[in-house]
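Peer 1: These are the residues of each chain, in order.
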Amino acid sequence: MKKLINNVDDVVRDELEGIQLAHPHDVKVSLDPYYIYRADAPVQGKVAIVSGGGSGHEPMHGGFVGMGMLDAACPGEVFTSPTPDQMLEATKAVSSGAGVLHIVKNYTGDVLNFEMAADMARDEGIEVESVVIDDDVAVQDSLYTAGRRGVGATVLAEKICGAAAEEGRPLSEVADLCRKVNDNARSMGMALTSCTVPAAGKPTFELGEDEMEIGIGIHGEPGRERMKVKSAAEVVEILAGAILDDGVIGSGDNVLAFVNSMGGTPLIELYIVYRDLHRFLEGRGVTITRNLIGPYITSLEMQGVSITLLKLDDELTRLWDAPVKTPGMRWGA
Amino acid sequence: MNSVGLEEVLAWLREAAARIEEQKEYLTQLDSAIGDADHGINMNRGFKAALERLEANPPEDIAAALKSVAMALIGKVGGASGPLYGTMFMEMAKAIDGKERLEAADVAAAFRAGIDGIKARGKAEEGDKTMIDALEPAYAALQEAVASGAGVGEAIAAAADAAARGMEATIPLVARKGRASYLGERSAGHQDPGATSSHLLLAAAAEAWGS
Ligand SMILES: Nc1ncnc2c1ncn2[C@@H]1O[C@H](COP(=O)(O)OP(=O)(O)O)[C@@H](O)[C@H]1O
Ligand SMILES: [Mg+2]
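As you go down the protein sequences, you meet chains D and Y in turn. Quick note: to get the working numbering, add 1 to the position in the first sequence (first position is 1). Quick note: to get the working numbering, add 16 to the position in the second sequence (first position is 1).
The hints are simulated quantities; they were obtained by calculation from the structure and are not laboratory data. As the structure is a prediction and not an experimental result, all values here were calculated from the model. Be aware that one or more of the hints could be misleading.
Think about it this way: if two alpha-carbon atoms lie no more than 27 Å apart in a straight line, the pair counts; the simulated DSSO-like pairs of lysine-lysine are [claimed, not checked]:
no.	chain 1	residue 1	chain 2	residue 2
1	D	Lys4	Y	Lys110
2	D	Lys93	D	Lys326
3	Y	Lys115	Y	Lys64
4	D	Lys203	Y	Lys115
5	D	Lys93	Y	Lys83
Interface residues of chain Y toward chain D, partial, derived using beta-carbon atoms under 7 Å [to be verified]:
no.	residue
6	Thr44
7	Asn58
8	Gly91
9	Gly94
10	Pro99
11	Arg128
12	Ala129
13	Pro188
14	Lys193
15	Tyr198
Each pair of labels, with its calculated beta carbon distance range [what the hints assert, rightly or not]:
no.	chain 1	residue 1	chain 2	residue 2	range
16	Y	Gln45	D	Asn8	36 to 44 Å
17	D	Asn8	Y	Ala34	22 to 30 Å
18	D	Asp120	Y	Glu141	37 to 45 Å
19	D	Gly169	Y	Glu38	51 to 59 Å
20	Y	Ile187	D	Asp322	38 to 46 Å
21	D	Ser173	Y	Arg181	47 to 55 Å
22	D	Gly19	Y	Lys64	23 to 31 Å
23	Y	Glu141	D	Asp246	28 to 36 Å
24	D	Arg291	Y	Gln45	23 to 31 Å
25	Y	Ile187	D	Tyr272	43 to 51 Å
26	D	Ile273	Y	Glu38	45 to 53 Å
Note that CB positions come from ideal geometry on N, CA and C, so glycine has one too.
Start from the sequences, fold in the hints, and give me the full structure.
Peer 2: Right, dumping it as structure tokens:
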């Protein structure tokens, strides 16, 4: 394993100290327990938004703390969900009395730990709503399974709900908006290479030189299907095709197209994917009216890409365009 | 052994922590096949923290020891297994609250409460390819041993054997809960990491309470 770290046990702590040093005006960092929160928290009268999940997906979630997005983020160990004590302390630190929204990605660990934290916060008199994001079409949904994973839609939900909270909307409305984003967004990802969890020291799975994995998660979980590497245009057809086949987005819709790097795929390839996605959607009568291109929800150094499409209306478009000022995403501010 | 007290429970927890440390790589390797390659790392972090807690604040009784382990697991493991095992230890603590020594029947009752706690939180049933697939057969064996008048040592040994069979029986199953469920049919052919760590916990008890 080759990584720029000092000690495998200190990866998350060292990163948090770096974030604090780099962004002292935007965020504060708690090292015991771990959480990142807005430097001006709690913001009076505003609904607070807390998210969290395993580390290794940077800039999500810690990089999205700041004006117009998250009030706090709880990083777990690499690819391991954070624990209830972190979520509880983060919730308390940013709660202004207007209520707190927990945005949770649908992984059993994240869901169970956030459930425990929400129960504890409610015991302390804080109003908490939780919304679980599950947008990954690679996973067959069923009542009897853990359901779909939360992936790219999480980034979009955090941005859009953050804007709504900034406008002073009440907790129930911000939570409804979060569900609306989740209902109208679909994602699918693929990997060209595996990734190495520092504490594990070797790649999570093996992929041959000429192979790719379709329907990958963001934790190096193997995907649905392994096949020979194909061209960017063919990969786009598989991913975006599966998203459209899911039935939520179709001809006549305006969408936000989010082309995300899994960490190791450079921008030059993301733009090629974007070009092919643009063509593909045009052919299917779908119009891209907003886009987001870059590494936003990553899987350490994995090479690969995910595509998320969010069906937009005027409200979602306006909230997407609203100012945001965080280490990982900023415009209009 | 016909009953166990605080000393024996602590001996079990030390044995469990040692086995988890020893099997850390193996558990993680199982999790890399159908999960995200962290189960051994998570469990080892949690049980290390549990031992530290027990040393820093020596518990007064068995319930306090189990509660302390629960808090360490909930606070340090993360992942799905943290809240699940944390809930299990918490419910076991409640079930034997105030008891100085545990007979085989007390152990069975505590174990039942612990499994029910995991099921209430994680909503998994037998056959979903989770830790439940090692725990439920272990409980059945424990219960049977108790009914036939076995002491704690003999009963827990029967439970550990049944857990081993339950663990191996997860291999052909298709996962319906947890991260492995994302793989669908591809999860078949691999042993569940959580069922494996559950077996370790029981095997540690059988060792500690053996003679
Ligand atoms: N809903 C559930 N109920 C019971 N056990 C579960 C459930 N979900 C997952 N597990 C168990 O947890 C184990 C995985 O634990 P771990 O790797 O620590 O967490 P994570 O899956 O969040 O990375 C699985 O092997 C399985 O036995
Ligand atoms: Mg795991």
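Peer 1: Each hint: holds or not?
Peer 2: Hints and how they fare:
1. D:Lys4 - Y:Lys110: 45 Å, violated
2. D:Lys93 - D:Lys326: Cα-Cα ~22 Å, so holds.
3. Y:Lys115 - Y:Lys64: The given pair, whose Cα atoms are some 26 Å apart, holds under the 27 Å limit.
4. D:Lys203 - Y:Lys115: With Cα atoms ~46 Å apart, lysine 203 of chain D and lysine 115 of chain Y exceed 27 Å; violated.
5. D:Lys93 - Y:Lys83: Distance of about 24 Å is within 27 Å: holds.
6. Thr44: OK, holds: threonine 44 of chain Y within 7 Å of chain D, min 6 Å.
7. Asn58: Given a least distance of 6 Å, the restraint on asparagine 58 of chain Y holds.
8. Gly91: 5 Å, holds
9. Gly94: 4 Å, holds
10. Pro99: 4 Å, holds
11. Arg128: 21 Å, violated
12. Ala129: Interface hint status for alanine 129 of chain Y: violated (18 Å vs cutoff 7 Å).
13. Pro188: This interface hint is violated because 17 Å lies over the 7 Å limit.
14. Lys193: 6 Å, holds
15. Tyr198: 5 Å, holds
16. Y:Gln45 - D:Asn8: 36 to 44 Å: Because 22 Å falls outside the window, the suggested range is violated.
17. D:Asn8 - Y:Ala34: 22 to 30 Å: 23 Å, holds
18. D:Asp120 - Y:Glu141: 37 to 45 Å: Since aspartate 120 of chain D and glutamate 141 of chain Y have Cβ atoms about 23 Å apart, the given range 37 to 45 Å is violated.
19. D:Gly169 - Y:Glu38: 51 to 59 Å: 55 Å, holds
20. Y:Ile187 - D:Asp322: 38 to 46 Å: For aspartate 322 of chain D against isoleucine 187 of chain Y, whose Cβ atoms are near 52 Å apart, the range 38 to 46 Å is violated.
21. D:Ser173 - Y:Arg181: 47 to 55 Å: 50 Å, holds
22. D:Gly19 - Y:Lys64: 23 to 31 Å: Roughly 26 Å apart at Cβ, these two residues keep to the hinted range, so it holds.
23. Y:Glu141 - D:Asp246: 28 to 36 Å: Holds: the Cβ-Cβ distance is about 31 Å, inside 28 to 36 Å.
24. D:Arg291 - Y:Gln45: 23 to 31 Å: Violated: the Cβ-Cβ distance is about 43 Å, outside 23 to 31 Å.
25. Y:Ile187 - D:Tyr272: 43 to 51 Å: 45 Å, holds
26. D:Ile273 - Y:Glu38: 45 to 53 Å: 48 Å, holds
Violated hints, listed in ascending order, are 1, 4, 11, 12, 13, 16, 18, 20, 24; each of the other numbered hints is respected by the structure.
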